[in-house]
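2 protein chains.
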Amino acid sequence: MDYYSSRINSLIEELSRLPGIGSKSAQRLAFHIVNMPEEKVKSLADTMMDARLHVCYCKECYTLTDDELCPICKDKARDHSTIMVVENTRDLAAYEKTGKYNGVYHVLHGAISPALGIGPNDIKLKELMKRLLSDVNEVIIATNSSLEGETTAMYISKLIKPSGIKVTRIASGVPVGGDLEYIDEITLTRALDGRVEL
Amino acid sequence: MDYYSSRINSLIEELSRLPGIGSKSAQRLAFHIVNMPEEKVKSLADTMMDARLHVCYCKECYTLTDDELCPICKDKARDHSTIMVVENTRDLAAYEKTGKYNGVYHVLHGAISPALGIGPNDIKLKELMKRLLSDVNEVIIATNSSLEGETTAMYISKLIKPSGIKVTRIASGVPVGGDLEYIDEITLTRALDGRVEL
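Protein chains in written order, with the numbering used here: chain A, 1435 to 1632; chain B, 1435 to 1632.
Derived by calculation from the structure, the hints in this document are not laboratory data.
Among these hints, one or two may not hold up.
Intra- or inter-copy, both count: the list cannot distinguish identical chains.
[Claimed, not checked] Within a straight-line C-alpha distance of at most 20 angstroms, the following computed SDA-like cross-link-like pairs (lysine to any residue) qualify:
id : residue 1 : residue 2
1  : Lys-1558  : Asn-1469
2  : Lys-1592  : Asp-1509
3  : Lys-1476  : Ala-1625
4  : Lys-1476  : Leu-1487
5  : Lys-1558  : Arg-1603
6  : Lys-1458  : Ile-1617
7  : Lys-1531  : Ser-1568
8  : Lys-1531  : Arg-1462
9  : Lys-1474  : Ala-1549
10 : Lys-1476  : Leu-1503
11 : Lys-1476  : His-1488
Construct the entire structure; sequences and hints are all you get.
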C-alpha cells in the first residue's frame, strides 16, 4: 500500500488489529480520523489512554471500573446477599439492561476451558469463594451456555454446594451456543425468572 | 449505563461516533482496549494523533499523504500526462490495487451535489484545471456512477473539452463475476447501452 502515506498505512494497520475491524473498515476509519477536527482526534486518543490507565477491577466483584468499588457494589439499595456470577463485564451489562436484577455480581473474567488451557485458577474463582464467607444466600450462575460456560457452572456449583449456600443456574431460555451480550432483554429476563436449583 | 465506570462509558461513546461502529461494537472495542497492553494502546493513540497532525494534501494530486508530494506523483516512471480523476483517496487506492494503471491521479475530495449544497468550488476542481496547463494528454473521469458522480463527470468534461484535451469516462456495466439477477436495473440498462461488438 505504498500509494498511501506511511502514516496512514500505520494507522490502517493498527486499526485492523482491533476485533471485528477488517481491512476495509480500517481504511474507512483511518480516512475518517485524518479528516476529523484535530481536537476530536485528541479527545478520542486521550479517552482511550485514560480508560486504559485508570480502569481497574472492582475489589468486590471484579468488574471493570475506575474506582475501588464499582457503582453496583457501592449501592446499598441492592441485595448484597445474592451474587450473580458472569463471565465478563459485558455480560453484567447485558443483565443490568433488563432492570430486573437487584442483587450484585461476580465477574470471572473467563470460563474454564481445558481445550484452551484455562483452569479454575485462571479465572476469579478464589475471589468468589472468599466472598461467600460473608452473608450470602444465593449464587446465580449466569455463565454462557457454551461448553466452557456449562463446565464452569458445574465446577462452581460443586465447589459451593458443601457450604449449604443455594446455587442456581439461569434457565436455558438462553439459546445453546449463544453469547449473552447479544441476547435480547426479554430472553434474558425469562432465563432469570426460570432459574433452577443445581 | 451507570454500571460501567464513567471512563469506559466515555470511551464507548467516543468509539460509537466513528462511522460503521454501532453501540455493541463500540462496547466490544472499548473492553478490548482496556484489556490491551498499555504500550499498545499508547501506540494506537499516538498513531492516530500523528496521522491526524501530519497528513496533508499532495500539492499535485491532492491525495492524502504526509509529504509535499505523494509517492505516485513523485514516481518518475509513471505517465504524468494521463490523469485519472477520483472522488477520494480510497477510490485511488482501489484503482492502484488493480496494478493496471500507470498514470497519475487527481483527488476531488467529493462530488458535485446540488442536493447537499456541494458546488464545483467545494471540490478540488480549480486545482485540476490548473494542472491541465502543463503537458496533459488524457483525463480519465473515474467518479462514482452515482447521481453525484455522474453530475461531476458531466461538469468536468464540459469544462475540459474546449481545451482539446481527451476526456474519457470509465465504463459502467455489470461487474465481473456479478450475478445478473442481483444487479440493479440502472446498471443493467447501462451495460446494455454500452455493449461492444465482439
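Hints, one by one, checked against the model:
no.: 1; hint: Lys-1558 with Asn-1469; result: between (43 angstroms within a copy, 15 angstroms between copies)
no.: 2; hint: Lys-1592 with Asp-1509; result: neither (30 angstroms within a copy, 70 angstroms between copies)
no.: 3; hint: Lys-1476 with Ala-1625; result: neither (43 angstroms within a copy, 40 angstroms between copies)
no.: 4; hint: Lys-1476 with Leu-1487; result: both (16 angstroms within a copy, 10 angstroms between copies)
no.: 5; hint: Lys-1558 with Arg-1603; result: within (18 angstroms within a copy, 63 angstroms between copies)
no.: 6; hint: Lys-1458 with Ile-1617; result: between (28 angstroms within a copy, 11 angstroms between copies)
no.: 7; hint: Lys-1531 with Ser-1568; result: neither (27 angstroms within a copy, 64 angstroms between copies)
no.: 8; hint: Lys-1531 with Arg-1462; result: between (31 angstroms within a copy, 16 angstroms between copies)
no.: 9; hint: Lys-1474 with Ala-1549; result: neither (43 angstroms within a copy, 28 angstroms between copies)
no.: 10; hint: Lys-1476 with Leu-1503; result: neither (29 angstroms within a copy, 26 angstroms between copies)
no.: 11; hint: Lys-1476 with His-1488; result: both (18 angstroms within a copy, 13 angstroms between copies)
Of the numbered hints listed earlier, those contradicted by the structure are 2, 3, 7, 9 and 10.
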